[in-house]
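Participant: Chain residues, written in single-letter form:
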Amino acid sequence: MVLARIATLALGLALFGTAGEAQELRIGLSAEPSAMDPHYHNLAPNNSILSHVFERLIEQDEKQRHLPGLAESWRLVDDVVWEFKLRKGVKWHDGSPFTADDVVFTFERAPNVPNSPSSFAAAVKGKTVKKIDDHTVHISAGSIAPLLPNDVASLLIVSKKHGEGARTEDYNSGKAAIGTGPYRLVRFTPGDRIEFARNDAYWGEKPRWEKLTFRPIKAGPARVAALLAGDVDLIEDTPTADIERLKKDPKIALSQGVSNRVIYFFVDHAREVTPFARGRDGSEIKNPFRDKRVRQAMTKAINRDAIVSRVMEGVAIAASQFLPDGYFGISDKLKPVAYDPEGAKKLLAEAGFPNGFKLTLHTPNGRYINDVKVAEAVAQMLTRAGIETSLEALPPAVFFTRASQGGPNGSPEFSFILVGWGPATGENSGALIPLVNTFDRAKGAGTSNRGRYSNPEVDRLCQEALRTNDDAKRAALLARATEIAIEDVAIIPSHYQVNTWAARKGLKYKARSDEYTLATHVLEQN
Amino acid sequence: MAAYILRRLVQTAVLVAVMSVIVFFGIHVVGDPVWLLVNPQMDQRDIEAAIRALGLDRPIWEQYLYFIAGALEGDLGRSFIFGEPALRVILERMPATLELAFAALAMAIVLGLPLGLYAGLRPDSWASRTIMAGSILGFSLPTFWVGLMLIMVFAVMLGWLPSTGRGATATWLGITSSLFTLDGLRHVLLPAFNLALLKMSLVIRLTRAGAREALQQDYIKFARAKGLAERRVVGVHLLKNILIPVVTVVGLEFGNLVAFSVVTETIFAWPGMGKLLIDAIQSLDRPVIVAHLIVIVMMFVLINFVVDVVYTVLDPRVRIGARAA
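In the order they appear, the protein sequences are chains Y and R. Heads up: the first sequence is residues 1 to 526, going by our numbering. Heads up: the second sequence is residues 1001 to 1325, going by our numbering.
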């Protein structure tokens, strides 16, 4: 009798306890945002967290497809000018109404934030924004720009009233951090936590949580421990080594989703002699990668299924091209290249390397999930096929400096590298143009083409795509460019990353392909 | 005394200058922060604009001269990452580190001193042997491993204490600290213990060695022969004499705690200077690294100076002016 009463009491307390807690959501982040100014630092951790406070004209859903945000609709009025109809009745957190003036102001402010290490200039420059009436704006790039909505979808809109003359410090202190979003910024304590409170006057669906607390916990094991200890409700970037154990834990629920990030290898396409490929006896040889058969041999020598199942412990998808299924502009004809070590050896022999050659693979250490382990596995696979590959892992800061400009005249230094790419535009031109278009400073093409691949046909198809407003035609052009580049082994794709969020039982995360962690994507389930 | 202070100041200036040259040029050799700062989607011209905006397009010696010119006016540059003055970024995080170091030191003394004394007074008992074995573990176990174990046991398995982070703060006597709230104390307990473990072992060993040595001395034997209570013999005559080396070492160790709590702060996601330093190193945020090290050098110089002065107070035989410092 007494026992039963205690049990009831305990149950009541437990229920009360969860009901009380459920008003707050605490999230453990793997990377820390550097500011609360939405235009200060165009980088994922900032863009992700500021999506709670500010909103975009066009939002992206979890697969980066476009959704109406602060704009209810948008369309081309002629070949060049896009018309955006703004949502009516939207209020800033201080109660003042959202109008076209705020949009015009945002486009003025975004590229001109002082001390910004990575601004939104690329998304904004060359565009003119014209207010038609309070709830209509015309945006034009001066020429045909089918990707204009993608640029618009990257820019968070700020209030003119609070943003005029405001510096980054004013956003960090919360003074200028007045948005239209579902949450208001309460406090930003760098290194420690970022707190938000519900915006009860939000125009959209009422936000679920009264309070949000984001805490940067960079060390993976510490992040998992914080979740297991109940100090946070959700963590992002769950270390792959912990996933199996967390799966078995009845108090934890995992959410996984494929990311838009492909992990791939670049070879040196350009130089006549490449420094890290030598003969078996260490002598200088001609750059072997200029022979397509060598590149084909390398892609055949890589066992992608083994990388996925062993190195990534099943948490990845074998890659055939730049972006996984479902993205705009990909090719549906391409399949991951099958593992064929014998075929690889034969191709090497045909190319004049019956005894293979020596090669060094360079990889960043800690930039991508299990990057060094993947590189180790690939080095072994290539060695088995006859290319004696050694590995050099570098801290990301060192790796990217040298991989981008470590060679003579600021050219890429390495011969063979592991890198990853996820296009912010959420469609294939955002991968093709920076990665496999000819490096051209003036045109802004091939920016991250660290293999200096160059193929006039790929360039032409991509440039034509950029001048094609018709979606179906543009998608076909990009798919064709992809097929040519992949057939020519411009890059050697390995796998698409799969991201894992871990939450306490009862919560589910709608996994986003852009790797953002948003409280609005946390669902409750029982 | 004035000559001594002047000499010290000159030495400090030289030290800071040499250190800043090494760090400044060393980081430049390591790599270019721009490639981690910029959004990879930016095109070449925007990346070059970012490089220019940070002043990284200038030759390194020119960047250094620019830095020196600013430093002489008290401006140590702006953080590449946060865009705020590096010194402010560091000072913002200083209270968290100071309170962690303070809590760790208090723990090391409060636990280490009695344990060491006990081990010194009864060296052959099993409890003493356990204490000494424990102190060897405290010396030799890697901090990051102990930290993770503490989290696993006390936060994950037992659920007694929070796993990571700093608790709520309160202001008392004009000082804002998390040591003034219950939540804050709960948060500080594990990281402080992790940080204290090594220092505690040090205090135990110093106290024990001191006690064993002092017990052989005539004045202790005399005090006992006089029939003084054991409490007075140990608590006054013994403790007073063995405390001097302990206080000296502990004072210097405080500097170490503040400067090098990197591992503990990282594991426990403690928002202090150590975590800032490691983040800054990873992202090559040069202004923050240089400013951080300058602050640390200054702190050590100050601590050493204070220790020297305290010596003269404690021991009249020591004269500062005569020291070849």
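Worth double-checking, as some hints may not be accurate.
Simulated crosslink set (SDA-like; lysine to any residue; CA at most 20 Å straight-line) [said to hold, decoys possible]:
| # | chain 1 | residue 1 | chain 2 | residue 2 |
| --- | --- | --- | --- | --- |
| 1 | Y | K218 | R | F1144 |
| 2 | Y | K218 | R | D1279 |
| 3 | Y | K218 | R | L1148 |
| 4 | Y | K125 | R | L1148 |
| 5 | Y | K443 | R | G1055 |
| 6 | Y | K248 | R | M1152 |
| 7 | Y | K127 | R | A1049 |
| 8 | Y | K175 | R | R1088 |
| 9 | Y | K211 | R | F1260 |
| 10 | Y | K218 | R | V1156 |
| 11 | Y | K218 | R | Q1282 |
| 12 | Y | K218 | R | W1145 |
| 13 | Y | K251 | R | V1156 |
| 14 | Y | K248 | R | V1156 |
| 15 | Y | K206 | Y | G95 |
| 16 | Y | K247 | R | D1279 |
| 17 | Y | K505 | Y | Q256 |
| 18 | Y | K251 | R | S1283 |
| 19 | Y | K125 | R | M1157 |
| 20 | Y | K247 | R | V1156 |
| 21 | Y | K248 | R | D1279 |
| 22 | Y | K251 | R | W1160 |
| 23 | Y | K251 | R | M1157 |
| 24 | Y | K218 | R | S1283 |
| 25 | Y | K251 | R | L1161 |
| 26 | Y | K505 | R | M1157 |
| 27 | Y | K251 | R | A1049 |
| 28 | Y | K247 | R | M1157 |
| 29 | Y | K160 | Y | T128 |
| 30 | Y | K218 | R | A1049 |
| 31 | Y | K373 | Y | N303 |
| 32 | Y | K218 | R | M1152 |
| 33 | Y | K85 | Y | L147 |
| 34 | Y | K505 | R | A1168 |
| 35 | Y | K443 | R | M1157 |
| 36 | Y | K125 | R | A1049 |
| 37 | Y | K218 | R | F1260 |
| 38 | Y | K63 | Y | K248 |
| 39 | Y | K131 | Y | F107 |
| 40 | Y | K125 | R | A1053 |
It is worth saying that the hints were derived from the structure and are not from the lab.
Participant: Give a verdict on every hint.
Facilitator: These are the hints, each one checked on the structure:
1. Y:K218 with R:F1144: Holds, at roughly 14 Å.
2. Y:K218 with R:D1279: Roughly 9 Å separates the two Cα atoms, so the pair holds.
3. Y:K218 with R:L1148: Within the cut-off at roughly 14 Å; holds.
4. Y:K125 with R:L1148: violated (48 Å)
5. Y:K443 with R:G1055: violated (24 Å)
6. Y:K248 with R:M1152: holds (17 Å)
7. Y:K127 with R:A1049: Measuring from Cα to Cα gives roughly 19 Å; hence the hint holds.
8. Y:K175 with R:R1088: holds (19 Å)
9. Y:K211 with R:F1260: Distance of about 35 Å is beyond 20 Å: violated.
10. Y:K218 with R:V1156: Holds - the C-alpha atoms of V1156 of chain R and K218 of chain Y are around 18 Å apart, at most 20 Å.
11. Y:K218 with R:Q1282: holds (12 Å)
12. Y:K218 with R:W1145: holds (16 Å)
13. Y:K251 with R:V1156: holds (12 Å)
14. Y:K248 with R:V1156: holds (16 Å)
15. Y:K206 with Y:G95: holds (17 Å)
16. Y:K247 with R:D1279: violated (31 Å)
17. Y:K505 with Y:Q256: holds (15 Å)
18. Y:K251 with R:S1283: Given that 20 Å is the threshold and the Cα spacing comes to 35 Å, the pair is violated.
19. Y:K125 with R:M1157: violated (54 Å)
20. Y:K247 with R:V1156: holds (16 Å)
21. Y:K248 with R:D1279: Given pair K248 of chain Y, D1279 of chain R is violated - Cα atoms ~33 Å apart, limit 20 Å.
22. Y:K251 with R:W1160: holds (18 Å)
23. Y:K251 with R:M1157: Judged against 20 Å, a Cα distance of about 13 Å means the pair holds.
24. Y:K218 with R:S1283: The given pair, whose Cα atoms are some 13 Å apart, holds under the 20 Å limit.
25. Y:K251 with R:L1161: The hint holds at about 18 Å.
26. Y:K505 with R:M1157: holds (17 Å)
27. Y:K251 with R:A1049: Measuring from Cα to Cα gives roughly 49 Å; hence the hint is violated.
28. Y:K247 with R:M1157: holds (17 Å)
29. Y:K160 with Y:T128: Holds, at roughly 17 Å.
30. Y:K218 with R:A1049: violated (30 Å)
31. Y:K373 with Y:N303: holds (14 Å)
32. Y:K218 with R:M1152: Answer holds: K218 of chain Y to M1152 of chain R is near 17 Å, not above 20 Å.
33. Y:K85 with Y:L147: holds (18 Å)
34. Y:K505 with R:A1168: With a Cα-Cα distance of about 27 Å, the restraint between K505 of chain Y and A1168 of chain R is violated, given a limit of 20 Å.
35. Y:K443 with R:M1157: Violated - the C-alpha atoms of M1157 of chain R and K443 of chain Y are around 57 Å apart, more than 20 Å.
36. Y:K125 with R:A1049: Roughly 13 Å between the alpha carbons, so the hint for K125 of chain Y and A1049 of chain R holds.
37. Y:K218 with R:F1260: Answer holds: K218 of chain Y to F1260 of chain R is near 18 Å, not above 20 Å.
38. Y:K63 with Y:K248: The given pair, whose Cα atoms are some 28 Å apart, is violated under the 20 Å limit.
39. Y:K131 with Y:F107: Satisfied, since the Cα-Cα distance of roughly 12 Å is no more than 20 Å.
40. Y:K125 with R:A1053: Given that 20 Å is the threshold and the Cα spacing comes to 17 Å, the pair holds.
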